[in-house]
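K.L.:
Chains A and B supply the protein sequences, listed in that same order. Letter 4 of the first sequence, counting from 1, is numbered 836 in the numbering used here, and no numbers are missing. Letter 10 of the second sequence, counting from 1, is numbered 842 in the numbering used here, and no numbers are missing.
Source of the hints: derived by calculation from the structure; they are not laboratory data. None of the values given here were measured: they were computed from a predicted structure. One or more hints might be untrue.
Since copy identity is lost for identical chains, a pair holds within one copy or between any two.
List of simulated lysine to aspartate or glutamate pairs, DMTMM-like, C-alpha gap at most 25 Å [stated by the list, open to error]:
#: 1; residue 1: Lys863; residue 2: Glu895
#: 2; residue 1: Lys880; residue 2: Glu904
#: 3; residue 1: Lys885; residue 2: Glu867
#: 4; residue 1: Lys842; residue 2: Glu875
#: 5; residue 1: Lys842; residue 2: Asp912
#: 6; residue 1: Lys880; residue 2: Glu892
#: 7; residue 1: Lys855; residue 2: Glu892
#: 8; residue 1: Lys855; residue 2: Asp877
2 protein chains.
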Amino acid sequence: MKAHVTIMPKEGILDPQGLTVGKALLNLGIKGVREVRIGKFVEIDMPKLTREKAEAVATEACEKLLANPNIEGYTLTIVDGG
Amino acid sequence: MKAHVTIMPKEGILDPQGLTVGKALLNLGIKGVREVRIGKFVEIDMPKLTREKAEAVATEACEKLLANPNIEGYTLTIVDGG
Numbered sequence: 833m834k835a836h837v838t839i840m841p842k843e844g845i846l847d848p849q850g851l852t853v854g855k856a857l858l859n860l861g862i863k864g865v866r867e868v869r870i871g872k873f874v875e876i877d878m879p880k881l882t883r884e885k886a887e888a889v890a891t892e893a894c895e896k897l898l899a900n901p902n903i904e905g906y907t908l909t910i911v912d913g914g
Numbered sequence: 833m834k835a836h837v838t839i840m841p842k843e844g845i846l847d848p849q850g851l852t853v854g855k856a857l858l859n860l861g862i863k864g865v866r867e868v869r870i871g872k873f874v875e876i877d878m879p880k881l882t883r884e885k886a887e888a889v890a891t892e893a894c895e896k897l898l899a900n901p902n903i904e905g906y907t908l909t910i911v912d913g914g
């Protein structure tokens, strides 16, 4: 199993990287963009684990290491493969 | 429309951030993980664009700014929502 984890700045938290990319798109002449927000995408490969165990391990990884609960939220999906 | 863009290191490209996280998980006693790879997740909000136009704009943003074609690949999905 693989876990696909998306970690994003929470609503209302300043995202300077996203603001910078938004301005850069305008400078490139790319129009129609209201907002850009940038986070992390983490793929965790757990080939020997069942779906339930993989979800538990990935959740523990997010809670103990990957996401900063003060400023970030995460979503997690388990997919076949690996 | 919103674009959800996932940018990951290409197969075979060293991912030191992912290696570091993989080791840190082991140090935390979290077992069953073979590999961790880390990339970026970019959400581009384009409320006034049609699906086709939003896809074109997001693709242009990836090609001209977001992804480094030498070492990164990207996948892009367009989702409803303002």
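K.L.:
Can you tell me if Lys863 and Glu895 fall within 25 Å by alpha carbon in one copy, between copies, both or neither?
P.N.:
Between copies only: 15 Å across chains, 38 Å inside a chain, cut-off 25 Å.
K.L.:
Are the CA atoms of Lys855 and Glu892 at most 25 Å apart within a copy, between copies, both, or neither?
P.N.:
For Lys855 and Glu892, the Cα distance is within 25 Å only across copies (15 Å; inside one copy 36 Å).
K.L.:
Reference check for the pair Lys842 and Glu875, CA-CA at most 25 Å: within, between, both, or neither?
P.N.:
both (20 Å within a copy, 13 Å between copies)
K.L.:
With identical chains, the pair Lys855 and Asp877 could be close in the same copy or across copies; at 25 Å between alpha carbons, which is it: within, between, both, or neither?
P.N.:
Only across copies: Lys855 and Asp877 sit 13 Å apart there, 35 Å inside one copy, limit 25 Å.
K.L.:
Could you place Lys880 and Glu904 in one of the four classes (within, between, both, neither) given a Cα distance threshold of 25 Å?
P.N.:
Neither way: Lys880 and Glu904 sit 29 Å apart in one copy and 27 Å across, limit 25 Å.
K.L.:
For the identical chains here, do Lys885 and Glu867 meet the 25 Å Cα criterion within one copy, between copies, both, or neither?
P.N.:
So Lys885 and Glu867 pass the 25 Å test across copies only (16 Å; inside, 37 Å).
K.L.:
Is the C-alpha distance from Lys842 to Asp912 at most 25 Å within one copy, between copies, in both cases, or in neither?
P.N.:
Intra 28 Å, inter 20 Å, cutoff 25 Å: inter-copy only.
K.L.:
Tell me, please, which holds for Lys880 and Glu892 at an alpha-carbon limit of 25 Å: within, between, both or neither?
P.N.:
within (17 Å within a copy, 39 Å between copies)
Consistency note: the structure conflicts with earlier hint 2 alone.
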